[in-house]
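Knowing the structure of chain A, use the given hints to seat chain B on it.
Chains A and B, in that order, are what the protein sequence lines are.
Here the first sequence is numbered in the numbering used here, starting from 1 and rising by one per residue.
Here the second sequence is numbered in the numbering used here, starting from 1 and rising by one per residue.
Don't read these hints as lab results, they were simulated from the structure.
Here the structure is a predicted model, which means the values were calculated and not measured.
Backbone N, C-alpha and C define an ideal beta-carbon position, used for all residues, glycine too.
Any given hint might turn out to be false.
[Claimed, not checked] Covered, in the sense of this in silico footprint (three residues per stretch, anywhere, with C-beta under 8 Å from a C-beta of chain A), are these stretches of chain B:
1) 70-78
2) 235-248
[As the list claims (entries may be wrong)] Pulled from the structure, derived: some chain A residues nowhere near chain B, Cβ distances all over 12 Å:
3) V53
4) G84
5) R101
6) A119
7) G192
8) I200
9) D201
10) R204
11) P215
12) P247
13) M278
14) I281
[As the list claims (entries may be wrong)] Just the calculated beta-carbon pair ranges, DEER-fashion:
15) G68(B) - P103(A): 32 to 42 Å
16) N302(B) - A28(A): 28 to 38 Å
17) L29(A) - G80(B): 40 to 50 Å
18) E348(B) - Y137(A): 16 to 26 Å
19) K130(B) - S56(A): 54 to 64 Å
20) L214(A) - Q396(B): 45 to 55 Å
21) K130(B) - P165(A): 47 to 57 Å
22) L214(A) - T223(B): 56 to 66 Å
23) G284(A) - G68(B): 29 to 39 Å
24) P23(A) - G80(B): 20 to 30 Å
One-letter residues, chain by chain:
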Amino acid sequence: MSAAVGGSRRRAIPLAPWLLILPSLVLALVIIGYPFFEILRLSVSNVSRFGLVRGSAGLSNFATIFGDPIFQNALLRTGTWTFGVVAGTLLASVPVALVLRQPFYGRGLARTIIMLPWAISLAMAAIVWLWSFNADYGMINATLRELGLMQGSVQWMARAETAFPMEIAVGMIVSIPFTVTILLGGLSSIPGDIYEAAAIDGARPWHCFWRLTLPMLGPFINIAVVLNVIHVFNSFPIIWVMTQGGPDNSTHILVTYLYELSFRLGRPGQAAAVSLAMLVIVFGFTALYMRLRNKDPVA
Amino acid sequence: MKLARFGLLACAAFAGVALGQQARAETVHMTVSYYSAATGPYFEKMAAEFHAANPGIDVKIDVVNWDGLLQKLRTDISGGTNPDISIIGTRWLLDFVKDDIAEPLDGYMNADFKDRFIGPFLKPAIIDGKAYGLPIAASARAMYYNKDMLTKAGFPNGPATWDDVATAAEKLKAMKEPGFGLMAKGTEVDVYWYYALWSYGGDVVSPDLKAAFASPAGVQALTMYKSFVDKGLTEDGPTNYTREDLQNLFKQGRVSMVITAPFLINQIAKEAPKLDYGIVPVPKGTTSSTYAVTDSVVMFKNSKVKPAAWKFLDFLFTKEPRVEFTKGEGFLPTTKAEATDPYFTNNERLKVFVDLLPTAHFAPTVTGWEDTAKAVTDAVQSVYLDKAQPDAALKQAAARADESLGK
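Bound-form chain A, shown alone (with noise of 0.2 Å):
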């Protein structure tokens, strides 16, 4: 009996792993929790401008939030803005990544411009984009013009119809490297005999990109998109710097709104409330990605 118990004991506790990640465990814990812990808490709170809080507000914040026409719109143009940016930016990669895997003469440097974007920060890549489209002297306006294409100027970030297609085309240009990055190694990834076999069967380009190649880089596009929408999703630079969410809110994102609600309506609780129910979004896609990668090894 004390024989069976040892044994058991061997088995269902080994210690050693467990003793050797406990430290970064706990790190994890408390860097992950404490943060989550204070906006639970500020969630069902009235909390000042200044982040003090003056009592609990049950769940008060949440109905004022959902109940806010504001709120509403940002949520369904955050799904309008999640979806325009990983869609576009999926379509202009996968011809990219295509590009870059045939040897031609300075591909190097093609991958190179095409990874430059990556090492700018988005803030910057906003501003820089904001001044382009500036209707007075921006770049584009100005090649407008000069292909004859338009007189006069378009004042893009007056309104919503043109800022926020422009906004989503900035998004997507940012997120271009990464995607690329991600299905030039799924690419590398397939070998180059079957293309050979399927030549050999009559396979013309088409249906070998149809037939073989996409489906071989099914679970790399699918990784692409998950990590994608958490990260458009949550993006918070491009449309900040180029309209602020403005005029009259309509090109508010959620991530947007909250910072407003925080900081320049000082109402902390509410964005709190903002922020749960963004995380509930997020949790639901990082779950997906969770059961793609269970199912796709790759990444």
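Showing chain B alone in chain A's frame:
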């Protein structure tokens, strides 16, 4: 051997003296907002001069960008690492007082000290009869006009009424010259519309703390601005222009009229010295009125060096430091002594602003002012973008403002 021991002893004694001195010297931490490139050097200089006269007190200056100031103070306050004194927007004061973090200053001020200030500037920082802030920076708003252009339009002395503005802008438009600068992006979009609201006799908040801007005067003011936009009398796409953008357009001669603060005078002198411009009061509707803003210095309740901090404030609010500050930043004098300096008395352009002060509206210290500003900004923008009618938009904004005004 003996020598070595003596040396050690001397060292110890030295260290002891040094430590003792350090313990006795008090350090006052002050946070100031970045107004211009001159702000930091000015306060460093004042701190050095003050230290020379009061060797026992060190003043440490921290310059913070205006946009990040409230956020920084918030973080510092909740972490208990806030400075002893700080410049703040006077309109934030109410929240400071509500949270019991601002020290009332009446105990430090005698009648003579109070008398240093120009009356109206002290008022916005008085809450429930107690003074919590000293007005360190003040500005009012008036209309800048491009003399060449307005002369061509038949108003060599600038427009006096909103009708003049419309007439001038129409004539200028016919000559392919730019018109009235209208801002509808960034901070103060609300204020830019209040100018017109006040000039038609309206008000933003009623005495019983309800939103009062959705009045006939308000509708008239917004309808007028909207008609400027529709007729092309403003720059194209006002929702794309912040106050800074408009000021730049004015310097480049690409709007002919703009309402803004006195500090544009300094900017024009530096960046567009050849620009021929004049300054007139905010155009009249039925009356003339302007907006005045103060920034205040407050002392925090948890400061451990209050007397020393006050001593520094006392020094800052004497004549020479004040003149240097106000001149350097292009603000208006807040103390009587500095106002007598020839720089202010002989300056025709600044005088326009000073003369406007008796009828100036200050941002009231009420809770919900920021929410009101946000609601009005949204309403004004939606009207300019053809998404709403003035009347309906203002009513909706008033309902939103009432949710937080005075609460």
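Status of the hints after comparison with the structure:
Given as covered by chain A, the stretch 70-78 of chain B passes the check, having 7 residues with a CB less than 8 Å from a CB of that chain where 3 are the minimum. Counting residues of the stretch 235-248 of chain B whose CB falls under 8 Å from any CB of chain A gives 5; the rule of at least 3 is met. With 12 Å as the threshold on Cβ separation, the claim that V53(A) sits away from chain B is violated: the shortest Cβ distance comes to roughly 9 Å. Look at G84(A): its CB is around 21 Å from the nearest CB on chain B, clear of 12 Å, so calling it non-interface holds up.
Every C-beta of chain B lies more than 12 Å from that of R101(A), the closest at about 42 Å, which supports listing it as non-interface. Once the 12 Å rule is applied to beta carbons, A119(A) is consistent with being away from chain B; the minimum gap is 26 Å. For G192(A), the requirement that its beta carbon stay farther than 12 Å from each beta carbon of chain B is met, with the minimum near 52 Å. Distance to chain B confirms I200(A) as a non-interface residue, since its nearest Cβ pair spans about 60 Å, more than 12 Å.
With a least beta-carbon separation of about 58 Å from chain B, D201(A) lies farther than 12 Å from that chain, consistent with its non-interface assignment. Every beta carbon of chain B lies more than 12 Å from that of R204(A), the smallest distance being close to 49 Å; the non-interface claim holds. No beta-carbon of chain B comes within 12 Å of the beta-carbon of P215(A); the shortest separation is about 46 Å. Not every CB of chain B lies more than 12 Å from the CB of P247(A), the least distance being 4 Å, so the non-interface label is violated.
Annotated as non-interface, M278(A) keeps its C-beta farther than 12 Å from every C-beta of chain B; the closest such distance is 20 Å. Residue-level check passed: I281(A) sits 25 Å from the nearest beta carbon of chain B, beyond 12 Å. Checked against the hint of 32 to 42 Å, the pair G68(B) and P103(A) fails, with Cβ atoms roughly 50 Å apart. One distance hint, 28 to 38 Å for the beta-carbon pair N302(B) and A28(A), holds here, with the actual separation near 34 Å.
Look at L29(A) against G80(B): about 25 Å separates their beta carbons, and that is not inside 40 to 50 Å. Separated by about 33 Å at the C-beta atoms, E348(B) and Y137(A) break the suggested range of 16 to 26 Å. One distance hint, 54 to 64 Å for the beta-carbon pair K130(B) and S56(A), is violated here, with the actual separation near 29 Å. Between L214(A) and Q396(B) the beta carbons are some 50 Å apart, a value that agrees with the proposed interval 45 to 55 Å.
At roughly 53 Å, the beta carbons of K130(B) and P165(A) sit within the given window of 47 to 57 Å. At about 58 Å, the beta-carbon gap between L214(A) and T223(B) stays in the expected band of 56 to 66 Å. The given range of 29 to 39 Å is respected by G284(A) and G68(B), whose C-beta atoms sit roughly 33 Å from each other. Judged by the Cβ atoms, the range 20 to 30 Å given for P23(A) and G80(B) holds: they are separated by roughly 29 Å.
The structure shown violates the earlier hints numbered 3, 12, 15, 17, 18, 19.
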